[in-house]
Structure formats: structure tokens, C-alpha cells
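With the hints as a guide, bring the two chains together.
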Amino acid sequence: MDGYFGSYTVVLALFAIGAVIVTGALTLNRLLRPARPTPEKLLTYECGVDPVGEGWAQSQVRYYVFTYLYVVFAVDAVFLFPWATVFAAPGFGMTTLVEMFVFLGFIALGILYAWRKRVLVWA
Amino acid sequence: MAELIDAAVRLVAIVGAFLVLPLVAGQAEHKAMAHMQARLGPMYAGGFHGWAQLIADGVKFVQKEDVIPAAADRRVFAIAPAVALIPYLVVMVVIPVGPGLVGVDLDVGLFFVLAVMGVGVLGSIMAGWSSGNKYSVLGGMRSAAQLMAYELPLVLAASSVAMAAGTLSLPGIVDAWQWWWLPWQAIGGVVFFTAGLAELRRPPFDMPIADSEIIMGPMTEYTGIRFALFMLAEYAGIIVVSALTSVLFLGGWHGPVLPGPVWTLLKVALLVFVVIWVRVSYPRLREDQLQKLAWVGLVPLALLQLALTGVVRVLTG
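Chains as they are written, first to last, in the working numbering: chain X, 1 to 123; chain F, 1 to 317.
Just to be clear, a hint being listed does not mean it is correct.
Here are the computed lysine-lysine pairs in the DSS-like style, where the Cα-Cα straight-line distance is at most 25 Å [to be verified]: (1) K31/F / K60/F; (2) K292/F / K117/X; (3) K60/F / K41/X; (4) K64/F / K41/X.
Just so you know, the hints here were simulated from the structure itself, not pulled from any lab data.
Chain F extracted, bound-state conformation (with noise of 0.2 Å):
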């Protein structure tokens, strides 16, 4: 009975976090955005700084008519946002926030964080195949696209802290690290966020987005809470992978003075901040300058990334 209402708790906690978070992170991402470009953003809604504005959405969003287009393929369509949205909600269960604090330490976590990540990307391909529109098309092809290019340097990055902690659980890669792994493994966490701003297709890598020349690639017919769902699993994706850097490259729940969980949120607020601020900043690349720049340069870096971490745990016994 204890158990259940343990993994009860764990995971009312869980769904908490992922329906709050990916709102502060967007609402975040409101105002950090307006400031860099001398707006104010979001100020009515709620009152003080437009704080409500996500909450207006959403009751927005919730009344708005179902439009499903007559040369959609309706099933398809329809289930493509849960497709794309529970990927990251189910990792959420492996990344542990302080010491025990996690839903459950799987030993194959890493592994597990990996395989169900890479599930979320077919959303966007579902969505873009079966939505009938030329635009959403070639929005889900260069979501494909993408997919190549980011996930060979994802996974490559992802095992050297496995090869330098000698472990897949996320809470035994934390309780692993030290200080020096921050130098040590800077070039692997460079390569990780990077491959993860593609994998969220974030600018500098939205591409299948792109507004300005294919409207809203594999989301243009969308509208309601169908629309409002594939918004929360792109926000939901800024925080998994923000935590996943964190957990796995940051050193997690470590730091000096204050507790370990608010260590932990503190570098996720960070690289939430980054993921924005990297948005404001870069103008976006084209799909084969992706290509070149995974294949070229980071595939190459994850490999001697690989190496240094071989050659390094090997001597240091």
C-alpha cells in the first residue's frame, strides 16, 4: 500500500510539472522575446505582466470549433498531436530532479530517454502526411530530414556520460558526476543541446516550421485544441531536453549551498533561457545546411568526444 501511494505521489508530481513548466517556459519565452526586441509582450491578461496569458489561451483554445479539412486523412490527423505530446510527458518519468527524487530509476534510463524521445518526431511526420496540403508535406519531409541529421549525434553524445558514469540510469549518472566532468565533457553537452534544439525544431533549426515559406509546415491545418496540444509538446520538449543537459552534462541536482532540487531547476531555467535567447538571435538555416553541419561537424565532434572519454576513464582507472 505504501508503494502504491509513493508511485501515486511521484506521479501526480510528474503530471504537475508537465502541465506547469512548458506554461512558465512559454510565458517566459513571451517576455524574454519582447524585451530582446524592445516590446513589452503579453501585459493584460491576469493583470500583473500579462502572467495569465497562456491560461487565456488555453480557455480560448478548448472552445474553439474542431475543423478537421474534408481531404485530411481524418484518423491520422487526429491522433497526431497525442502522438507527438505523450513521447515527452513518458520521459519525464526517468529524469531525476534530486537524490531519490525521480519516478523511477530505470537501469536502461539513458536508453529508455532516447527511444521514446525519438517516438515524439513522428507526430510532426503524421501530421504533415496527413493533412492533405502541399505545405505540411514538405513540412513532415524536412521533419524526416531533420531526424537524420540530429539523432546520430544525440545518441553518440547521450553514451559518453554513460561510458565516463559506467552506467544508463540517469540518478546513477548524477550521483556519478564531479566537477571535472564539466570541461570533460563540454564538447559532448555542446553537441547534445545542439542536436536537441533540432530535435524540438526550435530556430535555429525550424525549418519544418518555417512560417515564412511553408506557413506552419506540418501544422497549418490545425486549429483549437488539437493545435493548442502540438504548442504543449513543442514547450514540454524545451523542458525534457533542457533537464536531460542538465542532468546528464550540468551535474544535475549538484552545486554549493542551496538544496539539490532547486540546483536542478535553476539549470533548467538556464537552458530554458538559452533555447530563447538562441531563438531571438540566429537566423534559421536551410535544411541542407543541417544536414552538413550534423554529418560535418557534429557527428565528428561526438566521436572525438567518444575517444577523449575512452581515453580518459581507462587511465584514470
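One chain only, chain X, in its complex shape (with noise of 0.2 Å):
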């Protein structure tokens, strides 16, 4: 339980027995439950009409620009945590505070760069 990583094996710990919580169930279900299967009940369910076609239909994604947008400031966002925590510690101050304003103004600037480009309405 000592040493760095000594705390998360609490958190492996829990993490077992959420595993045991669901196989658990799943076993109790298993002894409980019937099984009797035909065809008609394995038939995909969908909106209760036999299903016509493929499941796996095609479909257009939409949001695509979207997940870019996201994937680039989601990056950004995972640099603010370390730093978050010593900005304000002493000899930092003011410079700290004038980089965090470039950064958000980096980040606005590319918010507002996709809305002018007119990328952030559903195509």
C-alpha cells in the first residue's frame, strides 16, 4: 500500500470487484433464467416489424468537422491540468497569467475561426 502507485491498487481493487458485480449478476441470471429460443425471438427486435435489410445500415457522419475540432482541443485542454496546479505558486504569477491568456486567446481564435468558416452547423 506505500509508494506511488501503492494507492492504486485500491482503485485495481475496486475495479475486480465492479468485474465480480457484473459476472455476478450475469451468473445469477444464468441459473435463474429460461432459455427457450426460436427463430422469431432471435429475429432482430428493431421497431417491433420485421427488420428489412441490414442491420449495419449506411449512414452519413455529420459531425465530422466536430471531432476534429474536438480531437485538436481536447489535446490542448489535457496541458492545462499540470500546469492548472502551479500557476499561481509563488515566482510564477503575472508571466503564468500572460501565457494563459495567449493560450485561450489561441483557443478562441480557432473557436472563432471554425464559426466564421461556418463549420460548426450540422451539414
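Written out as C-alpha cells, the structure reads:
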């Protein structure tokens, strides 16, 4: 339980407990349930009517531009966390504050650009 | 040895909370929603105002036949509920209830929470894709689209609190909390809670499920115990998001007169009620309206909050 990674053993233990809860529920279900499959029962339910065509229908991903934007900004946001803990430490103060505004300026400019380019609409 | 027992007691408490609080939230939803709509809600199970309704539901779910459609991708279909549920349990390990009352105080707690909570949505996407059902695929796609919308405001608002407290540890954040953070971090709090609602796929952000247009979205083909696990994940998610909002923005265990843990639970209960209230009050947004709300509304507001936090923090030294 000691050392830097010691505290993560508790997290791992909880993860294991979670797996046990799920498998326990499924096992209990296995012991208690009936199993009488028929072709009609195993048919995809969809909206209650017999399905027409393939389940994996072709569809257009209309939000792929948002996905790009999201990836760009999410990567930026990760860098905020280590910075957030030290930016007000003695000796940083004003310097990091100005740097923060530069950072926010870049992000805001990016969003403004995307908005002006009209990619923030559902195409 | 004492250390092991200590950890075991904490884990048992967390698992207990994980199995009980979602049911309490679910029952509260049944009753509050019913009364808001001039109904009574469940009245029979257990005798007193139908308090045992969800237990009865659980007993029924566990006896149901496990139907996996022939057209589904069996393995992915089978593990999707676990992927949706377990992250919320794991997140609970770092949420403090009172001073010292926390599963484990990770020094990157906030980062850990955001990283693990992001996994939960994969369960919904997996379920949507593996079902072999057009509506489920649409629902899964909508889940993914929703992730693009809420994740960034959620992360930015959370990092504002980390800046204010100068630490990522959740107990550390609550320790540093002062009453005037309430107005100072108010914008961030609203952004965080709204984005959290979208993460939970709760109304008004329930277009991935949208029962009146795409049946039940990714969960359409699920029955019995696997469906119950998805439901448990949803209500556990409500508890986790409410608890995080109260820990990060409402000061967790701080409050007059009553003991700390009671304050935390009161704040969580209040936010759970707000989640239910919002569900009853607002119509569903369209997916593109959510994108617009997120990118034109929530993200700029979160950036504003970051600027405000930085300025105030540096000026007050």
C-alpha cells in the first residue's frame, strides 16, 4: 500500500469488484432464467416490425468536423491540468497569467475561425 | 494488516453506496416525476408508497431470458453493459464524502475522474454498433456525437476548479474551498453540470435514446439483466455527476451546523432532484442543437471562467 503506485492498488481492487458484480449478476441470471430460443425470438427487434435489409445501414457521419475540432481542443485541454496546479505558485504569477491569456486566445481564435468558416453547423 | 482492513472497509462502503444510492435516485425519480405529472407513481410493491418497486424490478430482471439477436455481434453485445457500468463504480473511489472519508486520495484525482468517466460512453457506442439494428446504430452515432459536444466544456470547467485550488486531488480541492468560490466558480459550475447531464444522456440531452424516434437507441435489443445493468449505469452516473458537481463547485462537506458527510449527501440529493426536475421540464434538444449549444455557448463560457479564475487567483496572491 505504499509508494506512488500503492494507492492505485485500491483502484484496481475496486475495478476487480466491479467485474465480479457484473459477472455475479450474469451468473445469477444464468441460474434462474429459462432458455427457449426460437427463430422469431432471435430476430432483430428493431421497431417491432420484421427488419428490412441489413442492420448496419449506411449512414453519413455529419459531425466529422466537430470530431477534428474536438481532438485538437481536447489535446490542448490536457496540458491545462499540470499547469493549473502551479500557475499561481510564488515566482510565477503574472508571467503564467499572460501565458494563459495567450493560450486562451489561441483556442478562442480557433473556435472563432471555425465559426466564421461556418463549420459549426450540422452540414 | 490494519491498513488492509482500512482499505477493505472503504471498498465495502463504496460498493454499498454504488448499489444503494442509484436505487434511491431511481425511486426518487419515479415518485417526483409522478407527482409533477399529477400521478402517484408506484404504490404497491413493499406496501409504503411502493418503496420496493426497484427491488421487485431487479428480481424480475434477473429471471428474464437472455436474448441476444442472431444478427448481433455477440461478444461486443455481451460486454457492452459492463463497459458502461464499471467506470462509474471506479470513479466513486476518489469522491470524498467528508474529511478523510474517501476511498483513496489520488494526487491526480480530478484527471483520473475525467479519464475514467470518458470510458463509460464507449459502452453505449459498442451496444449501438453491435446490435445489428438500424436504430441502435443511429443511437450509437448520436452517443459519439454527444461525446464531441460535452467532453470539452466538462474538462475546461473542471480545470478551472483545479486552478482555483492549485491541486488535482478532490479532497484537496474541497479543503481549499471557501464560500466565495460559489459566485466565483458559478459559470464553471453551470457548464460542468450541463455537460454532465449530456454525458449521462439524460433529458433534455437524451437524443441517443430518444424513445419516440429511435425506439431506445443503443439499448433497443437488450432485455433482462443486461438491460438492468445499463439502467444501473445511468442512475449510478446521475449519482457520480451530482457528487462531482457538489464536491467541485458546491464545497462538498463544508456547511454550518450539520456534520460534513450529511452536507455532502444533502448537496448530492439536491442535484439529483434537479436532474429529475430538468427531465420533467424540458423538451429534448436535437443533436445539432446540442452541438451548437456546446461550441457556441458552453465552450466560450468555460474559457471565460478559466480567464476569470486565473485573474482572481493571481491578483489575490
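- Query: Of the hints given before, which are not true for this structure?
  - Reply: none
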